[in-house]
Amino acid sequence: MTPLLEIRDLAVHFAADEGRVEAVDGISLTVRRGEILGLVGESGSGKSVTALAVLRLIRPPGRIVRGSIRFDGRELLDLSEEAMRHVRGSQIAMIFQSPRTALNPVLPVGRQIARLFELHRGCSGHEAWQRTLEILRLVGIPEPERRASQYAHQLSGGMCQRVMIAMAVATEPRLLLADEPTTGLDVSIAAQILDLLRELGRRTGASMVLITHDLGVVAGVCDRVAVMHAGQLVECSDVHGLFKHPAHPYTRALVRSIPRVDREVTMEPIPGAVPSVLEPPPGCRYADRCPWVIDRCREVKPELLPLEHDHEVACHAVEPSNVVPARS
Amino acid sequence: MGLGRYLVHRLLLVIPTLFGVTLITFALTYLLPGNPALVKAGPLATPEYLAEMERKMGLDQPVHVQYWRYLRGLLRGDLGESATTGRPVLEDFFQRIPATLELTLASLLIAAAIGIPLGVLSAVYRDTPVDHLSRLAGVAGVAMPTFWTGLLLLFVFFYLLGVAPPPLGRLSPDVSPPGRITGLYVVDALLTGNRRAVVSSLYQLMLPAATLGFAVMAPLTRMVRATMLEILESDFIKAAWAAGIPPSRIIYGDALRNALIPVITLLGVIFGFLMAGNVVVEMVFAWPGIGNYAVTSLMSKDSGPIQSFVLFVAVVYVLVNLVVDVVYGLVDPRIRLR
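Those sequence lines, one after another, are chains A and B.
Letter 93 of the first sequence, counting from 1, is numbered 198 in my numbering, and no numbers are missing.
Letter 24 of the second sequence, counting from 1, is numbered 30 in my numbering, and no numbers are missing.
In short, the hints are calculated from the structure, not lab data.
None of these values were measured; they are calculated from a predicted model.
Be aware that a few hints might be false.
What the hints assert, rightly or not - Covered stretches of chain B (in silico footprint by chain A; criterion: 3 or more residues with CB under 8 angstroms from a CB of chain A, positions within the stretch not fixed):
id, segment
1, 194-204
2, 259-266
3, 331-340
As the list claims (entries may be wrong) - When the alpha-carbon atoms are kept at most 25 angstroms apart in a straight line, the in silico DMTMM-like pairs for lysine to aspartate or glutamate are as follows:
id, chain 1, residue 1, chain 2, residue 2
4, A, 406, A, 114
5, B, 244, A, 147
6, B, 307, B, 331
7, A, 349, A, 408
8, B, 244, A, 408
9, A, 406, A, 123
10, A, 349, A, 328
11, B, 244, A, 122
12, B, 244, A, 186
13, A, 349, A, 373
14, B, 244, A, 111
15, B, 307, B, 133
16, B, 244, A, 223
17, A, 349, A, 413
18, B, 307, B, 137
19, B, 62, B, 84
20, B, 244, A, 319
21, A, 349, A, 147
22, B, 244, A, 400
23, B, 244, A, 187
24, B, 244, A, 183
25, A, 406, A, 343
26, B, 244, A, 277
Said to hold, decoys possible - Here are some chain A residues the structure puts well away from chain B; computed CB gaps all over 10 angstroms:
id, residue
27, 108
28, 185
29, 346
30, 348
31, 379
32, 406
Idealized CB from N, CA, C, for every residue including glycine.
Given these sequences and hints, build the entire structure.
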């Protein structure tokens, strides 16, 4: 069976006054059916841009310069804008960070969900409203009849996020892109939201890309993880493999920077900041922060190559003898 | 808070404002040079007659007594008499307000009907020829004084092209005004089914309304553009795109509805500005409104109407602000329920 989403060599550039910003630099990524893939990396590593590119919502001065995005075997980059609009919200839905600002302040929240039923599923007004109440109940909103006619500012942050999730899953999309869905929520609410997402995914068989910078969330929720650094994909693995044997020096640093309470380990911050992606030099963008850097790193961009089963890494310094070419 | 209680609350707040305005209008005419008694008595009056007139008008009384008399008169609806028309100022006002109101509403309609879509287009097609053209039109509208625009329009459309009527008021001389219902000729003519009057009044209204509409359109367009640009970048619009909502519904539904909230305030300000500020245009087009009345009175040092004009403008502003606040609450749920 083909994977649900297959991204090949995707590059997204933004034109700025100072030059070209290479926000996403040729990444390849697969999302399998029914899985939850964590997409992690520091702020500015290109996670959100990747998600927006999948929905083809990169707007000028940004542009998808090359690559391929196949969704369920269909090339999304070849679709007409109108055809793409029918994919958005219907086949692929996105959950945004900061739920309160992602809801329209002058439309009742229920109305914002109901119109998706009308638009994508051809429901009548009454039917759409009934299904809206149902989905609100499903995501755990008490008194949905009352809440549905309220506005975003009348709901708590957690409730707004539940409404956003209801909006995203309302039309039972096949793929959910969740961009930092728990940022700004307190820990217990965040845990509830993550449980809800996982549960909804299981129920509908939808796949999910969970964008986060929190490796703790990844460990608890995801099946596989992809690690991004400065617009490049550096490592991709199943969750256990990643935490057990992080291969890329950046991933190793990320894992080491997780605070632990069970062991006496000093937290190690990653040296340096995310490098500028404004007309970057060729080669690995981690080179300047990397303890293992060799000359080749600054000249040739390392390719993502399999290291062990379901574990790929893009690094010149990682045990070259273990690395077998991905495809010949 | 219920709407009723809110209104009462706001209306009570209006009282001190208006009280302050009466102080200013009174002081204004009291301090201005020129003797109202002289205006009334005429230039040929004898000193005895003048003194007699001053006593009759209460001008020999101390200031606070005069003010008290003025205030008592206002409360009874007595705004004094106009020395030029010889009729109560209030009557003159009522006769002329509909003309000004009609011109104001027509200008506002033109400004909104062109300015708002233009603002939306400028935001959606930012930095394209549409945007530049709207900016140019806006600068021209603001930069050109209304008497100049008015004369220019008259020159082109009346004198050169002959498609506009001469600037002779609200109806052509051969058309009789429609029966008075609202006082707005266009509306009254429509209500009474008087087609001749509808056509004639619209024809006469065309140029002055375009003049004023053009002058006040620019700030509207700029504001719609600026708020639309901001809102089109906001998270909930991104979310709407991501949810596959059709573009026209995102722009004219989701975005514009939010962008119109600050625009309502501006419309209120523009309305007040037009009611008070179309003085010049009324003069150019011989429009028989209160602006025209105020200027005529000013020329002849007739203090009663001027005083009342200032008071009237203040009342208009106060009422417009009240209406804006109420409309705000109706449009923006965040205010209504707070």
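Next pair to validate is residue 244 of chain B with residue 187 of chain A; report whether the Cα-Cα distance is within 25 angstroms. Holds, at roughly 17 angstroms.
Below or equal to 25 angstroms on CA atoms is what counts here, so check residue 349 of chain A against residue 413 of chain A. Cα-Cα ~12 angstroms, so holds.
Test the statement that residue 108 of chain A is away from the interface with chain B: the closest C-beta pair must be farther apart than 10 angstroms. At about 22 angstroms from chain B, residue 108 of chain A clears the 10 angstroms cut-off, so the statement holds.
Is residue 244 of chain B close enough to residue 111 of chain A, meaning Cα to Cα at most 25 angstroms? Measuring from Cα to Cα gives roughly 24 angstroms; hence the hint holds.
Is the Cα-Cα distance between residue 307 of chain B and residue 137 of chain B 25 angstroms or less? 47 angstroms, violated
Are the Cα positions of residue 244 of chain B and residue 319 of chain A separated by 25 angstroms at most? Holds. Residue 244 of chain B to residue 319 of chain A sits at ~24 angstroms (cutoff 25 angstroms).
Does residue 62 of chain B pair with residue 84 of chain B here, judged by a C-alpha cut-off of 25 angstroms? 16 angstroms, holds
Checking a non-interface call: every C-beta of chain B should be farther than 10 angstroms from the C-beta of residue 346 of chain A. Is that right? 32 angstroms, holds
Holds or violated: are the alpha carbons of residue 244 of chain B and residue 147 of chain A at most 25 angstroms from each other? Roughly 22 angstroms between the alpha carbons, so the hint for residue 244 of chain B and residue 147 of chain A holds.
When you check the alpha-carbon spacing of residue 244 of chain B and residue 183 of chain A, does it fall within 25 angstroms? 22 angstroms, holds
Holds or violated: residue 406 of chain A to residue 123 of chain A, with C-alpha atoms at most 25 angstroms apart: 23 angstroms, holds
Holds or violated: residue 406 of chain A with residue 114 of chain A, Cα cutoff 25 angstroms? At roughly 13 angstroms apart (the allowed maximum being 25 angstroms), residue 114 of chain A and residue 406 of chain A satisfy the hint.
Checked against the numbered hints given earlier, the structure breaks hints 1, 6, 8, 15, 18, 22 and satisfies all the rest.
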